[in-house]
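Undergrad: Take a look at the letters that make up each chain.
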Amino acid sequence: MSLRELAVSALLVLGVVVTLFSCLGVLVMRDAYDRLHYTTPAAVVAPVAIAAAVVLEERLSAAGVKAVLVAVVLAVTNPVLGHATARAARIRQFGEWTVREEEREGGSPP
Amino acid sequence: MIGMAGMNEWMVAALALLAGLVPCGVVCLRGGPVDRLVGLELAGTVDTLVLLLLAQAYDRAIYFDLALALALLSFAGGLVFARFLERWI
Numbered sequence: 190m191s192l193r194e195l196a197v198s199a200l201l202v203l204g205v206v207v208t209l210f211s212c213l214g215v216l217v218m219r220d221a222y223d224r225l226h227y228t229t230p231a232a233v234v235a236p237v238a239i240a241a242a243v244v245l246e247e248r249l250s251a252a253g254v255k256a257v258l259v260a261v262v263l264a265v266t267n268p269v270l271g272h273a274t275a276r277a278a279r280i281r282q283f284g285e286w287t288v289r290e291e292e293r294e295g296g297s298p299p
Numbered sequence: 082m083i084g085m086a087g088m089n090e091w092m093v094a095a096l097a098l099l100a101g102l103v104p105c106g107v108v109c110l111r112g113g114p115v116d117r118l119v120g121l122e123l124a125g126t127v128d129t130l131v132l133l134l135l136a137q138a139y140d141r142a143i144y145f146d147l148a149l150a151l152a153l154l155s156f157a158g159g160l161v162f163a164r165f166l167e168r169w170i
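If you're matching them up, the sequences are chains A and B in order. Under this note's numbering, the residues of the first sequence are numbered 190 to 299, in order. Under this note's numbering, the residues of the second sequence are numbered 82 to 170, in order.
Each hint should be verified, as a subset may be incorrect.
What the hints assert, rightly or not - Reference excerpt, derived from the structure (chain B facing chain A, CB under 8 Å, subset only):
1. G87
2. M92
3. A97
4. P104
5. V107
6. V115
7. D116
8. L134
9. Q137
10. A138
11. A142
12. A152
13. F156
14. L166
15. W169
Derived from the structure by calculation, the hints contain no laboratory data. Because the structure is a prediction, the values reported are computed rather than measured. Note that the Cβ used here is the ideal one computed from N, Cα and C, for glycine as well.
Could you put together the complete structure from these sequences and hints?
TA: Next up, the structure:
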């Protein structure tokens, strides 16, 4: 087994393990705000690892470039989606998403 | 290895990732609407990764477009769900 094949396998294992633990994290957390944190490793670490594995295997051919593009799209859109979801959760809870009066005086958010 | 003929490491990784859809499905079945949306978003990400791995497993460059399309569409779908969950659903 060459060094390149070893690196490809290691990157694949990293991507799969990170994603599976993200799924478990989303399952065991209590509320939506806590769950949202666990979508990030699956959308940033895992695609980058898998895209790196594809690039190692295929060089920067059409497949390699598209894999990198998918990783970039996932890494860029996930924070936007997370913000939109947290905003929706907060609006459902309080009717607005901006800072409320009782949170202004250095109090911890609920 | 018995029963593993024709499978490469990419297919094994894709199969392993499919197991991650089970927790996402459980989250989608329990909790409040926003919790279910988070489960759906994570399921979209996992599906994108599975398509990425399968494209490489079958060694067709054109299949990578499926993963790209799903990444963009699950983002748009998540935004629409989040928008409607704010007040109207």
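Undergrad: Given V107 (chain B) was flagged as interface, is its beta-carbon under 8 Å from a beta-carbon of chain A?
TA: OK, holds: V107 (chain B) within 8 Å of chain A, min 6 Å.
Undergrad: With 8 Å as the cut and Cβ atoms as the points, is L166 (chain B) at the interface with chain A?
TA: holds, 4 Å
Undergrad: Have a go at the L134 (chain B) hint: is there a Cβ in chain A nearer than 8 Å to its own Cβ?
TA: Given a least distance of 6 Å, the restraint on L134 (chain B) holds.
Undergrad: Given Q137 (chain B) as an interface hint, is the shortest Cβ-Cβ distance to chain A below 8 Å?
TA: OK, holds: Q137 (chain B) within 8 Å of chain A, min 5 Å.
Undergrad: With a cut-off of 8 Å on the beta carbons, see whether A97 (chain B) makes it to chain A.
TA: holds, 5 Å
Undergrad: Under 8 Å is the threshold here; is the Cβ of A142 (chain B) close enough to any Cβ of chain A for the hint to stand?
TA: Where the cut-off is 8 Å and the nearest Cβ of chain A is about 4 Å from A142 (chain B), the hint holds.
Undergrad: Does the interface hint hold: is P104 (chain B) within less than 8 Å of chain A, judged Cβ to Cβ?
TA: OK, holds: P104 (chain B) within 8 Å of chain A, min 4 Å.
Undergrad: Hint validation: F156 (chain B) versus chain A, beta carbon distance must be below 8 Å. Holds or violated?
TA: holds, 4 Å
Undergrad: Would you settle whether the hint for A138 (chain B) is holds or violated, based on the nearest Cβ-Cβ distance to chain A being less than 8 Å?
TA: violated, 11 Å
Undergrad: Grab the minimum C-beta distance from G87 (chain B) to chain A and call the hint holds if it beats 8 Å, violated otherwise.
TA: This hint is violated: G87 (chain B) lies away from chain A, its Cβ roughly 18 Å from the closest one there, beyond 8 Å.
Undergrad: Close enough to count: is the Cβ of A152 (chain B) nearer than 8 Å to one in chain A?
TA: holds, 5 Å
Undergrad: Taking the least C-beta to C-beta distance, is V115 (chain B) closer than 8 Å to chain A?
TA: At about 4 Å, which falls below the 8 Å cut-off, the nearest Cβ of chain A leaves the hint on V115 (chain B) intact, so it holds.
Hint compliance for this structure: hints 1, 2, 10 and 15 are broken, all remaining hints hold.
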